[in-house]
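If you read the sequences in order, they're chains A and R. Numbering of the first sequence is given in the numbering used here, commencing with residue 1 and proceeding in unit increments. Numbering of the second sequence is given in the numbering used here, commencing with residue 419 and proceeding in unit increments.
Hints listed in this document are in silico derivations from the structure and should not be mistaken for laboratory results. Hints are not guaranteed to be accurate.
Within a straight-line C-alpha distance of at most 20 angstroms, the following computed SDA-like cross-link-like pairs (lysine to any residue) qualify [to be verified]: (1) A:56 to R:453; (2) R:679 to A:325; (3) A:120 to R:447; (4) A:120 to R:455; (5) A:120 to R:446; (6) R:679 to A:35; (7) R:761 to A:19; (8) R:679 to A:56; (9) R:679 to R:749; (10) R:679 to A:38; (11) R:642 to A:314; (12) R:679 to A:118; (13) R:679 to A:314; (14) R:679 to A:264; (15) R:761 to A:118; (16) R:642 to R:539; (17) R:679 to A:29; (18) R:679 to A:26; (19) A:56 to R:710; (20) R:679 to R:629; (21) A:56 to R:449; (22) A:120 to R:453; (23) A:56 to R:706; (24) R:553 to R:570; (25) A:56 to R:570; (26) R:773 to R:663; (27) A:314 to A:118; (28) A:120 to R:440; (29) A:120 to R:663; (30) A:56 to R:705; (31) A:56 to R:455.
Calculated from the model, a selection of chain A residues having no Cβ within reach of chain R, i.e. all distances over 10 angstroms [as the list claims (entries may be wrong)]: (32) 33; (33) 49; (34) 107; (35) 188.
Partial list, derived from the structure: chain A residues whose beta carbon lies under 8 angstroms from chain R [as the list claims (entries may be wrong)]: (36) 32; (37) 50; (38) 70; (39) 72; (40) 145.
Beta carbons: idealized from backbone N, C-alpha and C, even for Gly.
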Amino acid sequence: MLTNPGPQKPGFRLSMLINDSRYRSMTIQVVALMGFMLLIAWLINNTIQNLNALGKDVDFSFLGQPASYDINQRLIEYTSRSTHLRASVVGLLNTLLVATMGCVLATVIGVLVGVLRLSKNWLVARLMTVFVEMFRNVPVLLWIVFFMVILIETLPRPRDFRGEDATATMSLWDSVALTNRGIYVPEPLFSNGFGDLSIFGLFDVSLDLFALLAVLGIGIFIARKVRQRALAIQAATGTLPTTWYIRLSLIVVPPVALLTYLGFHLGYPELKGFNFSGGIHMRNSLIALWLALSFYTAAFIAEIVRAGITSVSKGQTEAAYSLGLRPGLTMSLVILPQALRVIIPPLISQFLNLTKNSSLAIAVGYMDVTGTLGGITLNQTGRELETILLLMLCYLFISLSVSAVLNWYNNRVKLVER
Amino acid sequence: MNSVSYVRTEMASVRPAPKMYVGLVAWARENLFGGWLNSVLTILSILAIAFFLVESVPWVFQSSWTATSLRGCREAIAATYGEGVSGACWAVIRERYLQLLYGFFPSDSYWRPNLTLILLFVALAPILFTRFPRKMLWFSAAYPFLGVWLLWGGSLWDIAVIPLGLAVGCAAFFAIARAFGSLPGIIGAVLITLLFWIFLAGPLAGILQGIIPFLHLESVESAKFGGFMLSTTIGVTGIACSLPIGILLALGRQSDLLIVKSICVGFIEFIRGVPLITLLFVASTLLNIFLPPGTNFDLILRVIIMVTLFASAYIAEVVRGGLASLPKGQYEAADALGLDYWKSMRLIILPQALKVSIPGIVSTFIGLFKDTTLVSIIGLLDPLGLSNAIRADGNWNGIVWELYVFVAVIFFVFCFAMSRYSMYLERKLETGHDR
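Next comes chain R alone, as it looks inside the complex (with noise of 0.2 angstroms):
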């Protein structure tokens, strides 16, 4: 057989491709510097970034943990890395680090906020993810009032006999509905609540203290909170409060009332349009001035209550984006059924836009948590105004990138932690209501 042939017996090779097409430099070619425009700003870009590394990486790195004052940090810095070198003085952290997270909070007891923020996060599973037990939401709705305890301490009892009168005032209605209807049983439970709480949840508090007298936790008045606990705990009183009432507010500037509408807008549209500073201005000169003659209560509970007054307000927002966004059809399929208003509200109409609005509430939430950092205006000790209390004392006199440079890293680590968390629900959420 002639071993001579026109026509190929294997297949050629694969040629390798050309080297500008493949690996890195394709990968470069395609995202760095395709085009002048993108190599300028890729240019520029890699300028930026070796500015800033040169300049922040040895002075975070070349640093004194160890000093006890910034003289000493200058002195440990200059022994160690030589004549002229400006490193961080981190020392500042290492020793101050406890007051900034817990302020002047009595340092035997920060098992306390600690185990406060902790069950924070048991409290919301249940709100939160769906795969928890429904039972859990028992102590969600019991969290709000043991966290009081445990941060303000006192005797748990005091504490207890509030929910105990919202039962009262539940079984209560329950009780009157049932034989003269809603109306009067509304009006019949409110009287016993407050009735209740007014005479008999004092003594009803000191007998139960005298039968079980071990639920008792030291004092801490609220002059004593400050650092990111009083931010945390600014932060999540004020949006958990403000939730119900935003709802309400929301609701109420959907409804078809005149007046109640009225009432609704005005209100949102005076809080969202004076700054949140303003508010607090009142809450540290006037709020007494409203009150009843004689009232006189601290501060951080007056901020407390402007706080939830501001972040009600846009709560309400966001719950009305989501009002808007369900279609039409859904509030005409609950009238169809024959729901009443609050029915139809509580059962077809808030599940689904309470849903679309967690979002919102999230970024609410990072908003109100960063917003915590105005009280340092008004002289409460949160983590900036401790920073300018710390930068008073003669010690670390003089320093400032420090104590910003972690409070900053600090609060961009919650709240970029909370941000994901949000844009991951939009996704979880997203069942759409495209038609």
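Only chain A is shown next, with the shape it has when bound in the complex (with noise of 0.2 angstroms):
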């Protein structure tokens, strides 16, 4: 007769952490883990003995010294007297600045050839197809440098606007000017501020901006609640109470009248000499970084766009159509929110890339935080190792923000499935 032993209870061999299913992937893993430590210690190791050899320590009160070097587009208070930290600030506040303005211009762009793109004008269609291949395959760095030089070679010279016999005009009404220095335009001012407020002693904050966006955010708040109510009616009693003047008025009143209590007025370029003065003075290095980056990761954005529209399948147009709907109605209720949701994670890959492709900011000149960091004061100071270090972290800092950001919406929009 059989018994049945029972399962019996096997002792632990080594030889098990390789043949036993549950003790290897531990083995694998422990073994990789270890292999990856002494990677980094051997990397480590190498760099000390390195740098020992140069007579080099890895060290950042260099970040504490003056800067002794100038930037000529900043957002906030700097001089030669400042230290290197002030200037990688200012540099990467340049980053985002170009990085912000150019996300905006190559959303706008792009969306809008990409829905020409699928436009029935034959036409139009083909210019756009062109556009986005000849922006998609010549290299950004290449724009770059290919807007400078449109922007240098030909806009005229400030000289050209003098005298009676002068070549060029200021457009807009006489408050751009175009010059090939960089591009004046007309600045904000108010003659009886609330002055600035200073952060810490670090940098000013504009009062008068404050306000106006806290004005405007309140009178937004307000028209919302509005509506709420007014469609609360609706449901309530069937009737729509006419409300869009309230709204208009609630959003549009508020500023204007803060803006006259301010005594807002605009400060327009004027010749002076040789050059303009007054204005905000934008530079040719920030416009063609700026143009060339809107317009590169435009041609990638319209593709998007195109796909994402094109994922609706037919039949949603035609049951919108079928429904009444008209064509604009149809695409902003019916099309566009299903498209959306195909859009948004390759968009925010294309804002990264936007971004990362800023840091060629290099290419003409214009100081962003590879130019101040990773460029004056890594050649001044000699801290390859440190200043590449922090430069890396700030690009990862706004790269993880920013998709983190835009992953958080992108779960919003995301299609609830059964």
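Need the complex rebuilt from these two chains, each delivered in its own frame; the hints are there to steer you.
Take a look at the structure:
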């Protein structure tokens, strides 16, 4: 008679680390971790030896020393006596400035081109295809220097604006000067503004702008409440009260009143001597970088938008038409909400690409964080390890936070599946 | 018989359609002027095209091809087309196009990069098109070493011992694995390969060189590489080396092993989070610090290493997309057949996943090829760096458009062709997993 000996408790043998699938994954992981640690230790060891041989050490105190170089395009106060840290922050803000401007313009152009590529108009569709292929298939660095050359070579010199026989005139009712030294646009001025608020003595924030944004925000918030109430009334009684003029005035009137109170006026650029003064001076480097990045990224965004729109099946359009919606409403109520789900994820990575590509600013001399921290600061202090480490951390921080924010949005619009 | 009848005896001839609804007019009405918005767009487009043509066509064609300096160009154009005409000075391209293509590569050896490029297509053919005989894959495997020999020169044997070492390693693996099992096989094969490379390779190459001495090309140092040849070298090497690393990273990212997975995710996200230019800064200033003291190799090799790491992170994401696109049933079927992890990957998962990701790999390659222009920022002489160097020449000082247009056109032709090819592949490989 057979007896069931029952499950035997097998003793642990060393070979089970490899042959037993219960332990194998653990073994592999431990080996991988050890290998990884060894690699890191090897790299660090090499680094220490090399740094010792060069007589260097890892030291971040250079950030507190005076930078002693100028940055021509800056958002916060900076002089050549400021520290390297402040120069890096100025550079970082410049990166963020051109990245934000670029993302906005690239989205606008990209959506426009993507929609027009699907247009029934034969000529426009072909033209937009040419636009997309032209910008997509040439390196972005080439576009940046190309735009720089266009700005320098084709725009008039400031001295062409001078005298009786001026060959160039200012555009837009004498408010904008397009010159080969940059573009001068009017600046907003407040004759009795609130002044600036200094935050920790590090940088100044304009209280006027802050007040304006606050008033606008409150206005929009109340307008939304009014709209919600109107919809509630419609749900209860069946008639929608006319509220658009109330909402419009809620949004428009308070900021206008505030602007009048602050004594808002525009400071126009004026020709003084051989150059313009007054107004906001946008340097060629900024404009060239901005336009090149925007057009280059717009070509990719256009393809994404086109793919997104074509991904919505034709039946959706036909269903919307059969409900009696006009083409415009069909687009905004039926097609776009569905297309957005397809469009947003690749759009995120295009925005990140644009931000990373903005590091090419160094080619046209725009002082972004690569130009200050990874450029002049690196060369002046000779601290490659520290500066490049900080530079990478800056970009990693931007990339990871942008993708976190946009992923959050992406999750919000995601299709809730059954 | 009465000839008068009340019914037609023959059919009325078909009247032509109204002129508005046939031919060019109808097409224009349909496609160009349907509605006021379309009409406005059409007119704007025509204006834009006309503006562009008026500005560019005279500049392109009222040009000089023969002058030897910018001043000579301007004089020649003024003499031919009259004072005040500004035309392109294509003479700079005629004089320097070889430099823009090959950099400072010795001019009597131009056949070497040319041959390398042609052989590249031969090596790629069996990989990209299944029609070619499978035996050609051996050539594809040998091509990287052949290409290195053709470009950098030196003795073929110095390079041939490297694949020889790999072959010895493989033989050792099969021999040991049969006797002792696969793990000792791997360890033994790696050890034997390394020992072969360190101790045997040098003397063996010397002996072979002594026996068959004529397989020797003039050595060309990397500093002489430049122009589109440099871009292509960096791009192709970067993609070829990053493909296996990228596949491993993608597998690591998809794996259940937590530590392996987090190392891979960390690497991929780090590389994708920083711009290529910072990695190139690492190549130009830092890489020597990370390596054992005394290591020093030339900048192009360092750039290729960093570009490879950069591309491998992007390839990994592309391959991961391919892996994720496979239905779960494929993984389960592989498990059900009793295949172990590597066998199921090699035989079932990867062939399908890689097929899906080929278009993505091609577009990564296009991106990498375009990004090779960035090396001009760290001082290498790629087409963009060379065009700056040419502008610094006294004869051509002040020339800008012609060089940039030339470089842009060549990049456009390459990238456009590749993107069309990838679209063709996308259609061809569309077998689909729609259930």
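Taking the hints in turn, this is what the structure says about them:
| no. | hint | verdict |
| --- | --- | --- |
| 1 | A:56 to R:453 | violated (72 angstroms) |
| 2 | R:679 to A:325 | violated (50 angstroms) |
| 3 | A:120 to R:447 | holds (11 angstroms) |
| 4 | A:120 to R:455 | holds (11 angstroms) |
| 5 | A:120 to R:446 | holds (11 angstroms) |
| 6 | R:679 to A:35 | holds (14 angstroms) |
| 7 | R:761 to A:19 | holds (16 angstroms) |
| 8 | R:679 to A:56 | violated (36 angstroms) |
| 9 | R:679 to R:749 | holds (18 angstroms) |
| 10 | R:679 to A:38 | holds (18 angstroms) |
| 11 | R:642 to A:314 | violated (56 angstroms) |
| 12 | R:679 to A:118 | violated (42 angstroms) |
| 13 | R:679 to A:314 | violated (41 angstroms) |
| 14 | R:679 to A:264 | violated (57 angstroms) |
| 15 | R:761 to A:118 | violated (46 angstroms) |
| 16 | R:642 to R:539 | violated (24 angstroms) |
| 17 | R:679 to A:29 | holds (10 angstroms) |
| 18 | R:679 to A:26 | holds (13 angstroms) |
| 19 | A:56 to R:710 | holds (16 angstroms) |
| 20 | R:679 to R:629 | violated (50 angstroms) |
| 21 | A:56 to R:449 | violated (70 angstroms) |
| 22 | A:120 to R:453 | holds (11 angstroms) |
| 23 | A:56 to R:706 | holds (14 angstroms) |
| 24 | R:553 to R:570 | violated (27 angstroms) |
| 25 | A:56 to R:570 | violated (35 angstroms) |
| 26 | R:773 to R:663 | holds (17 angstroms) |
| 27 | A:314 to A:118 | holds (13 angstroms) |
| 28 | A:120 to R:440 | holds (18 angstroms) |
| 29 | A:120 to R:663 | violated (45 angstroms) |
| 30 | A:56 to R:705 | holds (16 angstroms) |
| 31 | A:56 to R:455 | violated (67 angstroms) |
| 32 | 33 | violated (5 angstroms) |
| 33 | 49 | violated (5 angstroms) |
| 34 | 107 | holds (20 angstroms) |
| 35 | 188 | holds (32 angstroms) |
| 36 | 32 | holds (5 angstroms) |
| 37 | 50 | holds (5 angstroms) |
| 38 | 70 | violated (21 angstroms) |
| 39 | 72 | violated (20 angstroms) |
| 40 | 145 | holds (7 angstroms) |
The structure fails to meet hints 1, 2, 8, 11, 12, 13, 14, 15, 16, 20, 21, 24, 25, 29, 31, 32, 33, 38 and 39 from the earlier list, while all remaining hints are met.
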